[in-house]
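Here the protein sequences line up with chains G and S, keeping their order. Going by our numbering, the first residue of the first sequence is number 1, and it counts up by one from there. Going by our numbering, the first residue of the second sequence is number 1001, and it counts up by one from there.
These are computed hints drawn from the structure, not numbers from a lab. Heads up, none of these hints are tricks.
Derived DEER-like restraints, expressed as beta-carbon distance ranges:
{"#": "1", "chain 1": "S", "residue 1": "K1480", "chain 2": "G", "residue 2": "N38", "range": "49 to 57 Å"}
{"#": "2", "chain 1": "G", "residue 1": "N38", "chain 2": "S", "residue 2": "E1076", "range": "48 to 56 Å"}
{"#": "3", "chain 1": "G", "residue 1": "E188", "chain 2": "S", "residue 2": "P1251", "range": "27 to 35 Å"}
{"#": "4", "chain 1": "G", "residue 1": "E76", "chain 2": "S", "residue 2": "E1014", "range": "54 to 62 Å"}
Even glycine gets a Cβ: it sits at the ideal position worked out from N, Cα and C.
Number of protein chains: 2
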Amino acid sequence: MLKEWVKEDKLSDEELSARLEKARAELAIRQMKVKEANLPVLVVFDGWGAAGKGSVLGRVIKNMDPRFFKVETLSEPTSEETRRPFLYRYFVRIPKEGKFSFFDGSWMGEVTQHYLQGDIGKKEYKEHLTSIKRFERTLNDNGYLVVKFFFHISEKIQKKRIKELEKNEHTRWRVSKNDLWQNKHYEECMDVYDEYIEATNQFVAPWYFIDSSEKKWAELQVTEILISSIDTALANAKSKQNAPLLQNTFPLKNTPKLSEVKLDKTLTDEEYRKELDALQKRLRALHNELYHKRIPVIIAYEGWDAAGKGGNIKRIAGALDPRGYEVHPIASPEPAEKARHYLWRFWNRLPKDGHIAIFDRTWYGRVMVERLEGFCTENDWQRAYNEINEFEKELVDWDAVVIKFWVQIDKDTQLARFTDRQNTPEKQWKITDEDWRNREKWDLYEEAIDEMIQKTSTKFAPWYILESNDKKYARIKALKIVIKAIEKKLETK
Amino acid sequence: MLKEWVKEDKLSDEELSARLEKARAELAIRQMKVKEANLPVLVVFDGWGAAGKGSVLGRVIKNMDPRFFKVETLSEPTSEETRRPFLYRYFVRIPKEGKFSFFDGSWMGEVTQHYLQGDIGKKEYKEHLTSIKRFERTLNDNGYLVVKFFFHISEKIQKKRIKELEKNEHTRWRVSKNDLWQNKHYEECMDVYDEYIEATNQFVAPWYFIDSSEKKWAELQVTEILISSIDTALANAKSKQNAPLLQNTFPLKNTPKLSEVKLDKTLTDEEYRKELDALQKRLRALHNELYHKRIPVIIAYEGWDAAGKGGNIKRIAGALDPRGYEVHPIASPEPAEKARHYLWRFWNRLPKDGHIAIFDRTWYGRVMVERLEGFCTENDWQRAYNEINEFEKELVDWDAVVIKFWVQIDKDTQLARFTDRQNTPEKQWKITDEDWRNREKWDLYEEAIDEMIQKTSTKFAPWYILESNDKKYARIKALKIVIKAIEKKLETK
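Let's have the full structure, built from the sequences with the hints guiding it.
Okay, structure coming up:
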């Protein structure tokens, strides 16, 4: 695509100035409309080193109100960032509703550079391309506008610009090692960029080539494309157009319905104590190994109110070194979280490699409480099954151990536990009116949960049901599953 | 993707039979739901020769009602078909609402085979991939379910099966030359298939690999995937989810608004006659050349009622050899046309190469009358600008000359011509109540037309405005544009 690209004829100076003046004024208007429509806009500036991305970006934002945009300069990942999935540092930087984020450099630059320099192989590179396509698509599906620019200059112009920058002591720092490497391997880079662009040139997030041989001309191209893309996104926002649901392509496990789960499993106190002790010891030892081998673990808990999630989590956490794990209680999202993609707050809470994150309630809120209470649209929760499978696939591809527990009890057991909480002064804080209201919707929830388990029990991240009428049984089962999953992962390392 | 694909473990005979029985019954239910929901379903069976596509297809349809599906066997294009754009024979076979079309072989097989055997080069192949992605996406956007299966067998199994088929005189005919070629060049084919699949594995039309080493097992995989995909499409249909509007990526021309068009251009009778005669002679000569060089020409006419489209077309057609052109008057769509993608009826009317098709009203009805009269949804007409640009890009890539005329008059001229028609007995058939009603909506139409011209004046298929207050002037201008466009194309041939 890039290789066959034919530049547009440049305009006369006069025409260029006139169109630029008009375009700048139009962009200023769009900026207000973006704010009014709560549209989040992510603009990617990528391309050849010394192509003038930075200075064109500087020109574009000069006409914008600084309250409405943020510039993210993305060169090499920090050491903290390299310990997370490669998309982490991009996902945590996505803009809020109504704001622009300009990315100076992006996942394209990072991934192609690592591939070109042999840091990642073909297989990992292809996996990254798939991840990137999913990332850009899910942003679009969730109402984001993603505009991607590739700043193009010839080998000759690049060489000339690098030399000019190097001549001056004030600009010398702007020439990176990578720029020099690129210019030396221009043809090789061109092949990889061309392939990358072709592979990621999705309808919902297409690439635009910017002839960057002249700054004013580059600014005009960028500004005009931004205006037209914003108009398209505003039309989408205005008519509340939803993303189509996608065919499932992830391999699924056959799963039972909740009503088919037998809840009569129990353990005696003695069996429980003995097993608990041995299993916690084992888990402690494994945690050490995980830390040394830098394997991340993510344990997700969902379950009925009063099913015993808290106590179950305590038995896992109790076995772990407190410096190596974190428990994330998930309540309703904060305003800053609500203003972004609903998975943003979970990306933000991912553990470093070698660490364990335990989620007390999770991203599955989307297809349970948010679905049933109308906190999101039907399209939102219907789309979420696939989006969540994709999210967990990222975690698994990052080499994390991902374990999902559904803590199951029956309706009578819940009633008994609610009543007990009500009548026991030191437990009263644990029961609220909301719990009783949720209980009234038991059947609706059960239907939603069955659908959730069926659609998100992928082979790479299946659900485990913890029969928790007897809490002791459920705790031991959870420990065993966690241990087995970690052991299995350690075997491959 | 294909190369790294890991087959699922096969089931036990018992489990296989049980699941198959269940799946068949479920598919029968889905068939009725597809009918009720008016969902068009296009299922593609592709993959290795001798992989058993045909017999698995036979098994799948055995449980379906023959009134609800059609099987399309697509081997090599006929000579009539090769004289059309390569997607033509697929587009004209898309199913109606509520029906299934099973394609035994598809555009994948055709395009990869031609590429593998050197009939088309890398550049044309890549163009075809882009066309295919657009085709599959626009079907999805217009409410079609597209399910794509790739039947996979190893080189060894393929060889064995081919030998078995050849042994028996009743099955020998089923082994094609291409099957033999494939087996001999298995690795080479694998590389191309793998790349093809990766390039066309879109979220809205993903690929499914079918382990085709055993028929019953292959049938189960196909049936279960069909069920799940149909359920997704039914959920889309039920909640009337619309496709998001796409960012424009086609280069556009700057265009004037209709109100800026000067309509005072005229010709004297004498000038007119002289020019007409010369130009028609020239066009007649060019038509011959077109025919010999097999270049197709498509001329699209849109314009106000009484603007003089008919007379204008007559002057073009009058210069042409009647065996080499056709005029297509476009009225509102027939039921069979309404039940398919709105561009279907235009694909059906494409000329053979070397021929000229003149459309008296066109696919632009979508963004004018259908928009303003509410014959389609807002999402439909908003999406159509890009869909139409993509359609015309197919025509241009096929090497057609594409000319689009907007025949422009002012409101007073229309009134004068309406009144004249009303008052002249032999012209009265030309004026209807609808014309008067449309006239009342002049301003709304003008707004829609301005938007249409702005968004679909691509550099490869721009609009030409014919100032037709003086019909003679407009006719001469049209002839000149047609001649110039044909001459330009002939120069490159």
